[in-house]
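Asker: With chain X held as given, fit chain F onto it using these hints.
Protein chains in written order, with this note's numbering: chain X, 5 to 217; chain F, 215 to 469.
Derived pair list, reagent style DSSO-like, types lysine-lysine, alpha-carbon separation capped at 30 angstroms: (1) X/K127 - F/K329; (2) F/K329 - X/K38; (3) X/K38 - F/K379; (4) F/K399 - F/K367; (5) F/K284 - X/K105; (6) F/K325 - X/K38; (7) X/K59 - F/K329; (8) X/K59 - X/K34; (9) X/K38 - F/K284; (10) F/K454 - F/K440; (11) F/K391 - F/K454; (12) X/K59 - F/K284; (13) X/K34 - F/K325; (14) F/K391 - F/K418; (15) F/K325 - X/K127; (16) X/K59 - F/K325; (17) F/K284 - X/K34; (18) F/K367 - F/K391.
Calculated from the structure, these hints are not laboratory results.
Here's the letter readout for the chains.
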Amino acid sequence: MPQQALCAAIELLVNQALSLNLSGKSDLDKLEQKTLILYLQEIGFPLSFTIAAQKVLVNTLTEDADCTINTSINTLLLLKKEQQLTELIKQDKLDIIGDIKVAQQFAHIAETLNIDWQSELAKHIGDIPTYKLSQAGKSLGDKFKFAAQQIQADASEWLVHEKRLVVTKSQLTHFNQQVTEIERQVEQLIRKTEQLLKNKILPNDNAIKDSCE
Amino acid sequence: MSTQDQDQQSNSTHFGYQTVDKSEKESKVAGVFHSVAAQYDVMNDLMSFGIHRLWKRFTIDASGVRPGNKVLDLAGGTGDLTAKFSQLVGREGKVILADINSSMLNVGRDKLRDKGLVQNIEYVQANAQYLPFEDNTFDIVTIAFGLRNVTDKDMALRSIYRVLKPGGRLLILEFSKPEHELINKAYDFYSFNILPKIGELVAKDGDSYQYLAESIRMHPDQDTLKGMMDNAGFEQSSYKNLTGGVVALHKGYKF
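Chain X on its own, in the form it takes in the complex (with noise of 0.2 angstroms):
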């Protein structure tokens, strides 16, 4: 039943997540009694979510969707930009069957959610502790965020430098050039040999007019 263990926790944090929205849940009456199919080629089974009372339900029941879709996780990350969305179905890597608009009504409530963390974690804690978590947690960010960045920039010196395992981009942009610099050359070449061997047979043929006449 991990299925069923899963489908428990989305749909408490969703349903949590929702309560705490600064923006209501007027959105959600549109999509009263409409479901939504997520087949997600990572987890490989259905998630289905309907709007039921202003309340998300989410099971691995596949009857009755208005919109199902076929992707992956990483897809569905980049469908934040709503202009993607026909080039993601051109790349394949997008499925959708059903109204396209219920779709994007989900969409759009992932979206403008709007939750005040902050205050909400006061209710439970208080004021100043709130603050100065918060505080922790933007410094401790910055730090994680500054050591990501250096361990990447160690990584790629390693890697180009010492090691030699994978070229600079520059690197890359000049061997680029000079293929296509090449690719001129031999066009190039090409071209003179054929205009060559068209100066040689041509007067051999007028020869062979000639004889015959």
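Answerer: Just chain F now, kept in the frame of chain X:
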């Protein structure tokens, strides 16, 4: 076996490990559930460590319920399945929460009303053996942790078959026989030594939970219950063991 013995056997049934007269079982079971009704949900969470919620979710997922369906949640108790079904069948559908025990039905009704679930739910006090519904009424019938308390299970299965529409399905979620001996032993220890003590502490009623443990052991195992479903007329009967067979979900169709 003499005719008198046969008569005695056909008129008797199990109440836990006790053999009682069929006419007695109903009132004895009623006594148990009147006693535990108020603490039923808390005890379910405590006894199963909350896993009963996943078993019920699994049942909903296996039901194939659609908007507009008519569902009978038999022995529905405090309405866990009814709550989910009610949201999934929508305004066009209907869910009937039926239970033989008035205390359980009252607790279930109060709970569902508190959740704001009122539009498409009806409450019926009914005996599973004599369902007070017309033939071919329901798309789905579920009975979760209720069949083992029914006096005549074969009769109940025939009654359920009658009220199901052709194409309808029955789902029985019930305690069953663990698949592995090790789980069986651990489960026995838990059921007979810990469970009644939790019942005593929380619900102030250790005897009812002793009955619970005994009734689980007396309930037919997976294959026997599947055979009973076949005998009642169900087709494509099958079962799925959950949590190593501690619980099994049986499913059968009426065509």
